[in-house]
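Colleague: Chain residues, written in single-letter form:
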Amino acid sequence: MTTAAGTHPLNRRKKINLLPYLLILPTFVFIALFTIYPTFSVLQSSQEYYHPNRPNRTQETDLNLPGIEEASRSIRGPHDVGLAYFRAMLDPSSPEGEVFFQVMGNTIIYTVITVPVTMLLAFVFAVMVNRSLRWIGLARVAFFYPTMLPLVSAATIWLFFFTPDYGLWNVALKALGYSGPQNWIINRSLGLWALMIVSIWKNAGYLMIFYLAGLQGLPQDVYEAADLDGAGWLTKMFRITLPLLRRTTLFVSVIAIITSFQNVDHAFVLTNELVTGEADLLLYEIYKQRFVLGNYGFANALTVVMIVVLLVFTMTNFYLSERRSDEQ
Amino acid sequence: MNNSVTTATSASRTAQLSWSRARWGIWFVNGLTILLAIMWAVPIIWTIIVSFRPPSDPLGQNDVWFSKDGVTLESYQRAVDLAPFFPHVEDGRLSRSYYGNTLEYVLMTLAVQLVTVTLAAFAFVQYQFPGKRLLFYLILIQLMIPTAILLVPNFTIISQLGLYDTTLAIAIPYFGSAFGTFLMRQAFLEVPRELVESAEIDGARWYQLLWNIYLPPTRATLVAFGMVSVSFHWNSLLWPLVVTSDQSRPLTMGLLRFTQLTDIGAQWSLIMAATLIIVAPLFILFLVFQRQFIQSFINSGFK
Numbered sequence: 001m002t003t004a005a006g007t008h009p010l011n012r013r014k015k016i017n018l019l020p021y022l023l024i025l026p027t028f029v030f031i032a033l034f035t036i037y038p039t040f041s042v043l044q045s046s047q048e049y050y051h052p053n054r055p056n057r058t059q060e061t062d063l064n065l066p067g068i069e070e071a072s073r074s075i076r077g078p079h080d081v082g083l084a085y086f087r088a089m090l091d092p093s094s095p096e097g098e099v100f101f102q103v104m105g106n107t108i109i110y111t112v113i114t115v116p117v118t119m120l121l122a123f124v125f126a127v128m129v130n131r132s133l134r135w136i137g138l139a140r141v142a143f144f145y146p147t148m149l150p151l152v153s154a155a156t157i158w159l160f161f162f163t164p165d166y167g168l169w170n171v172a173l174k175a176l177g178y179s180g181p182q183n184w185i186i187n188r189s190l191g192l193w194a195l196m197i198v199s200i201w202k203n204a205g206y207l208m209i210f211y212l213a214g215l216q217g218l219p220q221d222v223y224e225a226a227d228l229d230g231a232g233w234l235t236k237m238f239r240i241t242l243p244l245l246r247r248t249t250l251f252v253s254v255i256a257i258i259t260s261f262q263n264v265d266h267a268f269v270l271t272n273e274l275v276t277g278e279a280d281l282l283l284y285e286i287y288k289q290r291f292v293l294g295n296y297g298f299a300n301a302l303t304v305v306m307i308v309v310l311l312v313f314t315m316t317n318f319y320l321s322e323r324r325s326d327e328q
Numbered sequence: 329m330n331n332s333v334t335t336a337t338s339a340s341r342t343a344q345l346s347w348s349r350a351r352w353g354i355w356f357v358n359g360l361t362i363l364l365a366i367m368w369a370v371p372i373i374w375t376i377i378v379s380f381r382p383p384s385d386p387l388g389q390n391d392v393w394f395s396k397d398g399v400t401l402e403s404y405q406r407a408v409d410l411a412p413f414f415p416h417v418e419d420g421r422l423s424r425s426y427y428g429n430t431l432e433y434v435l436m437t438l439a440v441q442l443v444t445v446t447l448a449a450f451a452f453v454q455y456q457f458p459g460k461r462l463l464f465y466l467i468l469i470q471l472m473i474p475t476a477i478l479l480v481p482n483f484t485i486i487s488q489l490g491l492y493d494t495t496l497a498i499a500i501p502y503f504g505s506a507f508g509t510f511l512m513r514q515a516f517l518e519v520p521r522e523l524v525e526s527a528e529i530d531g532a533r534w535y536q537l538l539w540n541i542y543l544p545p546t547r548a549t550l551v552a553f554g555m556v557s558v559s560f561h562w563n564s565l566l567w568p569l570v571v572t573s574d575q576s577r578p579l580t581m582g583l584l585r586f587t588q589l590t591d592i593g594a595q596w597s598l599i600m601a602a603t604l605i606i607v608a609p610l611f612i613l614f615l616v617f618q619r620q621f622i623q624s625f626i627n628s629g630f631k
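Protein chains in written order, with the working numbering: chain A, 1 to 328; chain B, 329 to 631.
It is worth saying that the hints were derived from the structure and are not from the lab.
As the structure is a prediction and not an experimental result, all values here were calculated from the model.
A couple of the hints might just be wrong.
Some residues of chain A that are not near chain B, with every Cβ distance over 12 Å (derived) [to be verified]:
hint	residue
1	Arg54
2	Arg73
3	Ser94
4	Gly97
5	Gln102
6	Ile109
7	Gly137
8	Arg140
9	Gly177
10	Leu190
11	Trp193
12	Met196
13	Glu278
14	Gln289
15	Arg290
Here are the computed distance ranges between Cβ atoms for each label pair [said to hold, decoys possible]:
hint	chain 1	residue 1	chain 2	residue 2	range
16	B	Ser573	A	Gly217	43 to 49 Å
17	B	Ala439	A	Val222	41 to 47 Å
18	A	Pro243	B	Ile366	28 to 34 Å
19	A	Leu22	B	Ser487	27 to 33 Å
20	A	Arg247	B	Leu462	23 to 29 Å
21	A	Leu90	B	Ala548	46 to 52 Å
22	A	Arg247	B	Ile376	37 to 43 Å
Output of the computed footprint for chain A on chain B, the stretches with three or more beta carbons under 8 Å from beta carbons of chain A [to be verified]:
hint	stretch
23	356–368
24	560–568
Backbone N, C-alpha and C define an ideal beta-carbon position, used for all residues, glycine too.
Use the sequences and the hints to build the structure in full.
Modeller: Okay, here's the thing in structure tokens:
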């Protein structure tokens, strides 16, 4: 019966067919429960002060609890504090604000450096590997295999490379004439660099394959025409290849940024000993506040910030790509 | 055709003039490729070599590759003894192990995803119904807000469901996949309408349409999705770390705990043997099915 109606779209619309809803239901239930519901519930819980690890006693003096002006309230909570965590985050003199500024600073530096460097390397790799030579398959595997490693394994291997005195990274730097500090994972700015190096090494080959796919989809006749005009290698690269790969580049940048936000597994191996969080990235800090320090409200508030950052970013990107495809 | 041949010969003079310069250019690019490829490969080569060092021979200045004492499997043996990587028989049953747990949640995720993703994508392609666009956009929210960043609220949900420290807890947030739904929808849209319509006229039921018409030409996409899903979940750490405490620890967690065992100190050969134990299956599969893996990961970025 449904099939008879299927051939006549008008008939099909008259009575509501439950089947498509049932088919979508499993997917929808899980996404509603683990994506949509938590996105809203976290808005609620970011307005609650709760430190279950603290003793349930009242504090006479001001303990600098966000949103709790009056003394003699339990330092454990829970208390409804409204938007106090968000106000505290914007105030660098509060403990939450201090952490927030540091973590956002780290996350921005990390993203602003790793994303363009990884993309540039990915493009260079793709151009190198997009040639038909017998040994080029080996090079492709060498660039791509880090994608198959867990980030925590990659970090473990690099932990050795960053070892003072005999770690290969330090040995290589010394051979190049570098005589600076060797303990990359104990020092704030070097700790962040260690995270960035591992991320770049791991992701360049992953992003390479998108450029490779893009390069292989380019129209060959354009290059033949350019050859006839005697165009050089550089001209072809900047006048033909890069402009034609603009959409690929936009797309690769989205993947690179989302990857850089949601992958922090290397921090568990490389910078976990920096207890004061000098090199913490946003998602790692969320984990630490909630599961190590027991600061539930702040972890929830940071999650809200992360959701907002991602939404703003994807919306902007969506808008940009829509506008660009209109132009074409 | 003829035209391009004649123009090519007229261009060959210019090409000859710049031939020697071009050859230097090619040598330069080849050299750079080899240099970078070696730089990228050094970490895994070092890992493999050091994993065969005896655990009793620590690394030192200028002594970080092969051991003077030769090649041995001792480090693998010690690693397996120190941590429950593999199950052993206990009261007639297999004990919990890192491998067992990882296999359990990875295969569970994959099995459920293949079903949910196929059904949802089929509904979106085959039927017109009120609320279709809205449902589709609601599902796509998962692409904008990755499940990974919702670990704090999702941990609360897992606790409330009473799933803490189970492999189901690791798998369940990924049972619905916006990415997979989108990918399969794109693939199903390529299936010729005439095929679908003629099957409908023959009186095919919905599951016959799905199984006989939609799935055969799109199997490659489904396999590609499966490969990306398996490698993503096999390699994940943060979420399993948060929702397991003891019984359901996966391989990545095992490696992390291994690196933090104090009595190991800087026994790199042990840690590297452990690293290779956890990456081996995926790695070997990758080396064998290289092209398929790379193609799958290309599909993971849909246009």
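Colleague: Each hint: holds or not?
Modeller: Against the structure, the hints come out as follows:
A cut-off of 12 Å between C-beta atoms confirms that Arg54 (chain A) is not in contact with chain B; the least separation is 18 Å. Chain B leaves Arg73 (chain A) outside its interface by the beta-carbon criterion, the shortest separation being 23 Å against a cut-off of 12 Å. For Ser94 (chain A), the shortest C-beta to C-beta distance to chain B comes to about 21 Å, beyond the 12 Å cut-off, and the non-interface label holds. No Cβ of chain B approaches the Cβ of Gly97 (chain A) within 12 Å, the least distance being about 20 Å, so the stated non-interface status holds.
Its beta-carbon lying about 19 Å from the closest one in chain B, Gln102 (chain A) satisfies the requirement of being farther than 12 Å from that chain. With a least CB separation of 19 Å from chain B, Ile109 (chain A) remains clear of the 12 Å interface cut-off, as annotated. The claim that Gly137 (chain A) lies off the interface is violated: its Cβ sits roughly 8 Å from the closest Cβ of chain B, which falls inside the 12 Å cut-off. Not every Cβ of chain B is farther than 12 Å from the Cβ of Arg140 (chain A); the closest lies at roughly 8 Å, contradicting the non-interface assignment.
The claim that Gly177 (chain A) is not at the interface with chain B holds, since no C-beta of that chain comes within 12 Å of its own (minimum 18 Å). Remark: the non-interface label on Leu190 (chain A) is consistent with the geometry, its nearest Cβ contact in chain B lying 19 Å away (cut-off 12 Å). The Cβ of Trp193 (chain A) sits about 17 Å from the closest Cβ of chain B, beyond the 12 Å cut-off, so the non-interface label holds. Interface exclusion of Met196 (chain A) from chain B stands, the closest Cβ pair being 16 Å apart, more than 12 Å.
With a least beta-carbon separation of about 20 Å from chain B, Glu278 (chain A) lies farther than 12 Å from that chain, consistent with its non-interface assignment. Distance check for Gln289 (chain A) against chain B: the nearest CB is about 9 Å away, which does not clear 12 Å, and the non-interface claim fails. With a minimum CB-CB distance of about 5 Å to chain B, Arg290 (chain A) fails to clear the 12 Å threshold, and the non-interface call is violated. Hint check: Ser573 (chain B) to Gly217 (chain A), Cβ distance near 48 Å, so the stated range 43 to 49 Å holds.
Between Ala439 (chain B) and Val222 (chain A) the beta carbon distance is about 46 Å. The supplied range of 41 to 47 Å therefore holds. Checking the proposed 28 to 34 Å range against Pro243 (chain A) and Ile366 (chain B) shows it holds: the Cβ atoms sit about 32 Å from each other. At roughly 30 Å, the beta-carbon separation of Leu22 (chain A) and Ser487 (chain B) lies within the given 27 to 33 Å, and the hint holds. Between Arg247 (chain A) and Leu462 (chain B) the CB atoms are about 28 Å apart, so this pair conforms to the stated range of 23 to 29 Å.
Taking the beta carbon of each, Leu90 (chain A) and Ala548 (chain B) are about 50 Å apart, inside 46 to 52 Å as hinted. A beta carbon spacing of about 39 Å between Arg247 (chain A) and Ile376 (chain B) agrees with the range 37 to 43 Å that was offered as a hint. A count of 9 residues in the stretch 356–368 of chain B with a Cβ less than 8 Å from any Cβ of chain A is obtained; the coverage claim is therefore met, three being the minimum. As drawn, the stretch 560–568 of chain B meets chain A at 5 residues by the rule of a beta-carbon pair under 8 Å; at three or more, the given contact holds.
The structure is inconsistent with the numbered hints 7, 8, 14, 15, although it conforms to all the rest.
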